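**Student:** So you can see what is in the structure, the chains are spelled out below.
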Amino acid sequence: MSDKNNKIPFNEDNYTHNINRNNERKLDRRGFMKTLVGAAGVFAVSSLPWGVLAAKELTGLGDKKYPKQKITDVSALPIGDAVDFSFPGEHDSAILIRLSENKYVAYQNACTHLRCPVFWKKDEGEMICPCHHGKFDVNSGEPTAGPPRRPLPEIHVKVENGAVYAVGVKRYEA
Amino acid sequence: MKRSYLPVALLLAVLMLNIIFTQYMVHQYFYENYTNTIIAAVINVILFPVALLIYKKGVNVHD
Ligand code: FES
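Going line by line, the protein sequences match chains A and B.
So the first sequence is residues 1 to 174, counted in the UniProt record's numbering.
So the second sequence is residues 1 to 63, counted in the UniProt record's numbering.
Chain B on its own, in the form it takes in the complex (with noise of 0.2 Å):
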């Protein structure tokens, strides 16, 4: 039974990005771009759905 790892290997991604994302936000909130610190927070918040839809959709493959 081979397994994908594809779903792995996103969910990763996405991790990253939320990382990034969090470090940009606090930055630009002492930075006073308060814009942006709303921007990134709203990223960090749809990566999450998004992160379970990849899980979903990558547990069952294989497995």
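So that you can see chain A by itself, here it is in the shape it has in the complex (with noise of 0.2 Å):
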């Protein structure tokens, strides 16, 4: 047994034997590079969570089902001319409007600005909500004019047998 190197711990009165440079601990190009490669690491990993969520939002995973629900009978609808209900819960009022003979469209009604209910304006061929004169598209939903900014959550209906249907709700974005 030399007795070479294996003095544990090393006969010093310090623990700066293996630095051989001064200055050598600062923060040099290759300890910079090494930063920017972790960097890029956690921007890769924090993309995952956006990149499933989106996935999901594709897939239709996140779409909640409700049960489809009878609105009136096309009979009952002359085009132009709109009617209420309630979808999906019966305090969800809903508005639904025939554009055409096979158009129809339907929003929650509820201003996505203090939620008062908004009404469809005929001759104006817009949906207009009396509060604060708000107004939406009625082929989108989008808001035109006054304070809302957002759309309102669009329904999706289905034309059966002579009747409309409501058979889902485009998730609201709060």
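What the hints contain is simulated information worked out from the structure, not anything from laboratory work.
Note that the structure is a prediction, hence the values are computed from the model and not measured.
Treat each hint with caution, since some may be false.
[Stated by the list, open to error] Dumping the calculated DSS-like pairs for lysine-lysine here, alpha-carbon to alpha-carbon at most 30 Å: (1) B:Lys57 x A:Lys70; (2) A:Lys70 x A:Lys56; (3) A:Lys68 x B:Lys57; (4) A:Lys34 x A:Lys70.
[Claimed, not checked] Label-pair distances were calculated between CB atoms; the ranges are: (5) B:Lys56 x A:Lys68: 37 to 43 Å; (6) A:Ser140 x B:Gln23: 23 to 29 Å; (7) B:Gln23 x A:Asp28: 29 to 35 Å; (8) B:Tyr31 x A:Lys65: 39 to 45 Å; (9) A:Val83 x B:Thr35: 52 to 58 Å; (10) A:Glu124 x B:Thr35: 34 to 40 Å.
We treat Cβ as the ideally placed atom computed from N, Cα and C, and that holds for glycine.
The task is to assemble the complex, starting from two chains supplied on their own in separate frames and drawing on the hints.
**Tutor:** Right, here's the structure in full:
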């Protein structure tokens, strides 16, 4: 057994024997690059949940399912007219508008400003909120004037056997 | 001994792209363009091995 280098601890009164150069511990080019790679790793990892959420959204797993509900008979709703109903719950008031022979749109009609009921103004071709004169585009539910900033949540409708059914809700983004 | 600062510059560029794509990803998510969100997320993820590669290649050059 040689006594070379197997004395523990080293016979030394400091712990800097492995530092050979002044300022060796300072952030150098290599250390800086390591930091950068680490930051790239953080970005990569933090991207993952967004990707997962988006994928979930695309595959429709996030959509809630509601039982379809009859709104009205086609014969009872002339072109250009609207009818109020509630969907999906009995307190979620909504409006169905018949735009043409086969085009129906439906929205939850609580204004996205302060939840007043929005109604359909046939001769102006717009949805209007009486409280602060918010206006919504009838084709998309997007706000076009007034205080509302978010679109009305759209309800998907389907026509079957001469009746109009509500089948689902585009998710509401509060 | 002359050092190469090219890898450092490249890594900084990668990080800049990371920032850009992260911002784009979050915005596209809230605009409900989920396909774009996924594309940006994938780019962000593959930027990490790219950064690692740049580091591995660059770290031994003249150091
Ligand atoms: S509540 Fe509809 S505009 Fe204010």
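**Student:** Hint by hint, note whether the structure agrees.
**Tutor:** The hints, checked one at a time:
no.: 1; hint: B:Lys57 x A:Lys70; result: violated, 66 Å
no.: 2; hint: A:Lys70 x A:Lys56; result: holds, 29 Å
no.: 3; hint: A:Lys68 x B:Lys57; result: violated, 60 Å
no.: 4; hint: A:Lys34 x A:Lys70; result: violated, 62 Å
no.: 5; hint: B:Lys56 x A:Lys68: 37 to 43 Å; result: violated, 58 Å
no.: 6; hint: A:Ser140 x B:Gln23: 23 to 29 Å; result: holds, 26 Å
no.: 7; hint: B:Gln23 x A:Asp28: 29 to 35 Å; result: holds, 31 Å
no.: 8; hint: B:Tyr31 x A:Lys65: 39 to 45 Å; result: violated, 25 Å
no.: 9; hint: A:Val83 x B:Thr35: 52 to 58 Å; result: violated, 36 Å
no.: 10; hint: A:Glu124 x B:Thr35: 34 to 40 Å; result: holds, 36 Å
Going through the hint list in order, the structure does not satisfy hints 1, 3, 4, 5, 8 and 9.
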